[in-house]
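**Student:** For the record, the sequence lines run as chains A and B.
Just so you know, numbering that gives the first Met the number 0 puts 258 at position 259 of the first sequence, and the rest follows in order with no gaps.
Just so you know, numbering that gives the first Met the number 0 puts 240 at position 241 of the second sequence, and the rest follows in order with no gaps.
Don't take each hint at face value.
As the list claims (entries may be wrong) - The calculated lysine to any residue pairs, modelled on SDA-like cross-linking and capped at a C-alpha distance of 25 Å, are: (1) A/K66 - A/K84; (2) B/K23 - A/T270; (3) A/K58 - A/A141; (4) A/K84 - A/L31; (5) B/K222 - A/L121; (6) A/K146 - B/E208; (7) B/K22 - A/A141.
Said to hold, decoys possible - Okay, the calculated beta carbon distance ranges per label pair: (8) A/D239 - B/S67: 26 to 36 Å; (9) A/M306 - B/E217: 20 to 30 Å; (10) B/G234 - A/D81: 50 to 60 Å; (11) A/D81 - B/A224: 27 to 37 Å.
Everything labelled a hint here was simulated from the structure, so no lab data went into it.
Using N, Cα and C, we set each Cβ at its ideal position, and we do this for glycine too.
Now for the letters of each chain:
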Amino acid sequence: MSVLVYTENWEGKFKKLSYELVSYAAAMAEMLNTSLTALSIGEVDSAELESLGRFGASKIVSIENEKLKNLDNQAYTAVIADMAKKLGARVIILANNNTGKAVAPRLSVKLKAGVGAGVSRLPSSLEPFTVYKRVYSGNAYAHIVIKTEVRILTLAQNSFDIAEGDNKPEIEKLSYDLDPALVKTEVRDVNKQSGKLLLTDAEIVVSGGRGMRSPDNWAPIVELADLLGGATACSRPVSDEGWRPHEEHTGQTGKIIAPDLYIAVGISGATQHIAGVSASKCIVAINTDKDAPVFDVAKYGMVGDAMKVLPGLIEAVKNVKSA
Amino acid sequence: MKILVCISNVPDTTTRIRFTGSKKLDTAGIQWVINPWDELSLTRALELKDANPGLVESVTVAHVGPVSSEPTIRKALAIGADSAIRVNSDAHDAYFVAAQLAEVVKADNFDLILCGIESSDFNGSTVGGMLAEFLQYPSVSAVSGINIENGNLSLTREIDGGKELLSLAVPFVAIVQKGIAKEPRIAAMRGIMMARSKPIKLVEPVMTEPLTEIVSYEMPPEKEACRFIDADKPGELIDILQNVEKVI
Ligand SMILES: Cc1cc2nc3c(=O)[nH]c(=O)nc-3n(C[C@H](O)[C@H](O)[C@H](O)COP(=O)(O)OP(=O)(O)OC[C@H]3O[C@@H](n4cnc5c(N)ncnc54)[C@H](O)[C@@H]3O)c2cc1C
Ligand SMILES: Nc1ncnc2c1ncn2[C@@H]1O[C@H](COP(=O)(O)O)[C@@H](O)[C@H]1O
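Chain A with its partners taken away, still in its complex shape:
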């Protein structure tokens, strides 16, 4: 018996979300009184692999294979399923991001193992195995029993505290014989910006809505985000109008994010927008209308004109940063 966590890498590096995932998986292993193995696919150096140990993985298995350079859902599923069988894994944990969403459901069918998708806590009970997750786009939560002996969980981002220790893991570099017929997706072209903080990774997000009135008014949003080391986002009409790029569109039909701090400026707080940000730890809203629904979900609010409030906030941040 064991717990298996799949730790994706980004150009050979892990992220905060990887450590969160390993911390969660280690807590799960402890609940089950067993050990945690982390699986890495792709080129990651030993020091980086070893870092997973600090968060509770006792063993790291690293597979490098030229054919697995790009994500192919079927091929990745085969690799993870083989590893799970070899270890006799009872719980398999992945991130609830694009990769996790691509692979977990395939694994479920391959291993006939029920999925808890986007869980945000450890199970409330092991027998029956009961997990907790948001449903109806955040308007409710559900307790779900997974009835199979092997369970697959994808962990909602920023929902579990990182626990760092000083374990030294055992590292095994495994060569894996992949059936080349499994790789059917061919990547013809990649268009990628690197070095930019991704909205889904940002711990602080400053977001503008239609209340910003014009794309020419965005400078203070960008400046505030930069000062705070955060990313910028926007509501759907703002990206639909082309005021801001589509990658910034947040909400039910855009990105779903869970930063520590979400500052909503000139955003009314429609349910579809809130569906994408309600898991943020602290929401601050700035709006001219004191009755705007966004204040129902915000922890702190300021009633006022964004173009007057933002410069004051920028000054205040500069003051504390220089202090």
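On the provided structure of chain A, position chain B with the ligands as indicated by the hints.
**Tutor:** Showing chain B with the ligands alone in chain A's frame:
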């Protein structure tokens, strides 16, 4: 090429969600709609058919659900789907639904199968991938574009910080997200009239044990009331964020 669009029937997102007891959704007053992603995949499927008349033979929608979902299926037909298939059963869990859809695909040999990235009821993001694995077809997730060039399909896949252009031979399952179509196509009067005579094929479910079960629902934890801070005192807000919330 035959396209299948899998549609789920969900409460409109502005509907207030309530439960009778802790296990049952209170359906009184709920407005049911085609899951937003599925409406967009249907739109893109119809655009591909319009642009490639010889190549795309038909666009069919499939739904696993009871007879009460038929208005949603009719709506898909009114938007322009050629035909529809309904598997006559409650959707017990994603595994069950995907197993039923796999039978639908095998029976009619669809080439391109479209699913949404998530349905707005259970937020599972699982049916599409499960369906592909049941069929042993390739699947591509986070698809934000599907195009046909010289008879070949190409897909745009969203990755962290960018996009990839992929090519892939049918049959496969594409799991779509934002970008797949701009605005959902809406049903015109003519479409609504025509939908009345379009067939909804009824299929009985195959035996499948669901793997998961929802045992209870609860409402989100109560939020504390918003604390308003004077807009003329930005320093006060920043101080709280730094020293009380410790988020900056
Ligand atoms: C199926 C579906 C899916 C959707 N998905 C999404 C989604 O994913 N994300 C999303 O965002 N929306 C989504 N929407 C749209 C959503 O319903 C709202 O229309 C949208 O979120 C409103 O955007 P907004 O708050 O920027 O604009 P508005 O609703 O127009 O609000 C502007 C706000 O700015 C305030 N304001 C005006 N001037 C100022 C000023 N000078 N300073 C400060 N405040 C000011 C106003 O009081 C108002 O509250 C979806 C809709 C549907 C039907
Ligand atoms: N009952 C259903 N009938 C047909 N297709 C469905 C059903 N439920 C989900 N789907 C498809 O699977 C996608 C993802 O749903 P889910 O995995 O439930 O989040 C939806 O966008 C639909 O394309």
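**Student:** Hint by hint, note whether the structure agrees.
**Tutor:** Hints, one by one, checked against the model:
As the CA atoms of A/K66 and A/K84 are separated by approximately 22 Å, the hinted pair is consistent with the 25 Å bound. A threshold of 25 Å between alpha carbons decides the hint, and for B/K23 with A/T270 the separation of about 22 Å falls inside it, so the pair holds. A C-alpha spacing of about 33 Å is found between A/K58 and A/A141, which places the hinted pair above 25 Å, so the restraint is violated. A distance of roughly 18 Å separates the Cα atoms of A/K84 and A/L31; the hinted pair therefore holds under the 25 Å criterion.
Taking the CA atoms of B/K222 and A/L121, the gap is near 22 Å; set against the 25 Å cutoff, the hint holds. Under the criterion of a C-alpha separation no larger than 25 Å, the hint pairing A/K146 with B/E208 is consistent with the structure, at around 10 Å. For the hint linking B/K22 to A/A141, the alpha-carbon distance of about 9 Å falls within 25 Å, and the restraint holds. Between A/D239 and B/S67 the Cβ separation comes to about 33 Å, which falls inside the hinted range of 26 to 36 Å.
Between A/M306 and B/E217 the Cβ separation comes to about 41 Å, which falls outside the hinted range of 20 to 30 Å. At about 57 Å, the beta-carbon gap between B/G234 and A/D81 stays in the expected band of 50 to 60 Å. As the Cβ distance of A/D81 to B/A224 is approximately 52 Å, the hint placing it in 27 to 37 Å is violated.
Hint compliance for this structure: hints 3, 9, 11 are broken, all remaining hints hold.
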